[in-house]
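Based on the sequences and whatever the hints tell you, model everything.
For the record, in the sequence shown the residue sitting at position 262 is 261 according to numbering that gives the first Met the number 0, with numbers rising by one throughout.
What the hints contain is simulated information worked out from the structure, not anything from laboratory work.
Where hints are given, some of them may not hold.
Pairwise CB distance ranges (calculated) [stated by the list, open to error]:
id	residue 1	residue 2	range
1	K233	F200	34 to 44 Å
2	C193	Q115	27 to 37 Å
3	M0	K233	32 to 42 Å
4	I245	K73	32 to 42 Å
5	L238	I262	34 to 44 Å
6	V263	K73	39 to 49 Å
7	N235	S177	15 to 25 Å
8	K174	C107	23 to 33 Å
9	L242	L83	28 to 38 Å
Ideal Cβ positions, reconstructed from N, Cα and C, are used throughout, including at glycine.
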Amino acid sequence: MFELNFLWIGLFEVFSHFVQGCTGFGATVIAAPVVTGLLGTAEGVPYGTLITMPMLYVLGILAFKQVSWKDLLKIVVLMAPGVLVGHYLFLNISANTAKVCIGFIVTCIALRGVYQKFIQEPRKAKMGDAAEEEKPETVGRKIFRYGCLLLGGAVHGAFNIGGPLVTVYTIFSIKDKSSFRATMTWVWIIINTCFNMVNQFRTGQWTEHMWWALAVGVPLAALGFYLGHLFHKKINHDLFLKLVYIVLTIVGADMFIRAVLAIVG
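Okay, structure coming up:
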């Protein structure tokens, strides 16, 4: 049956998918603290998986020819073990522990974005052309990027928010923007459909209560995504990302602190 919380979550999905439509990333990460806070982690995580799928399937079909299949295969193969580990972790931790993990990961992602937009990029702009020179590939950098894929798989399998970690690898390997977006879209189509959705269904995480929430949330998420797509070329992209990362820091930190207090108190 309908609950007011479904509407609050759906309205936040308008914002999170507006961001997704504008920037090409972030819907699940941005919405995760609110969704898991109101639905609980047991329903909030599978909800986060399913609400993105209609848009992913449409984008995947439209951008099929732009996919870098070699990179896609490498990403999926390296993520798969981490995803399976993440599924095990999710089923074996308490709700408050899960919220601590989600809040911590979201806050770290947001703080990394704040650092990039407010410190790193202005510093590069002052340095000029020298900052644009590509850093040489080393064994250490390769290990770091492959490690991000494995860890991203675990985080995505557990909480469905591994995207930013996977991007650390993909953004280095795929330079063309259209190919990058198409390849990442198919990463989530494959991982979510073949791993997360199958596992969530098999372990009974799809509940009637969650489907009622999705019935309200999916149309609102689609609206937000469509509006974000329309405004993609009309807004100050840099300022918008700065605001998003600030909001994400506040929301993630709030969830982390509340969950920690619930555990210690």
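Evaluation of the provided hints:
no.: 1; hint: K233 - F200: 34 to 44 Å; result: holds, 40 Å
no.: 2; hint: C193 - Q115: 27 to 37 Å; result: holds, 32 Å
no.: 3; hint: M0 - K233: 32 to 42 Å; result: holds, 39 Å
no.: 4; hint: I245 - K73: 32 to 42 Å; result: holds, 34 Å
no.: 5; hint: L238 - I262: 34 to 44 Å; result: holds, 37 Å
no.: 6; hint: V263 - K73: 39 to 49 Å; result: holds, 42 Å
no.: 7; hint: N235 - S177: 15 to 25 Å; result: holds, 22 Å
no.: 8; hint: K174 - C107: 23 to 33 Å; result: holds, 26 Å
no.: 9; hint: L242 - L83: 28 to 38 Å; result: holds, 36 Å
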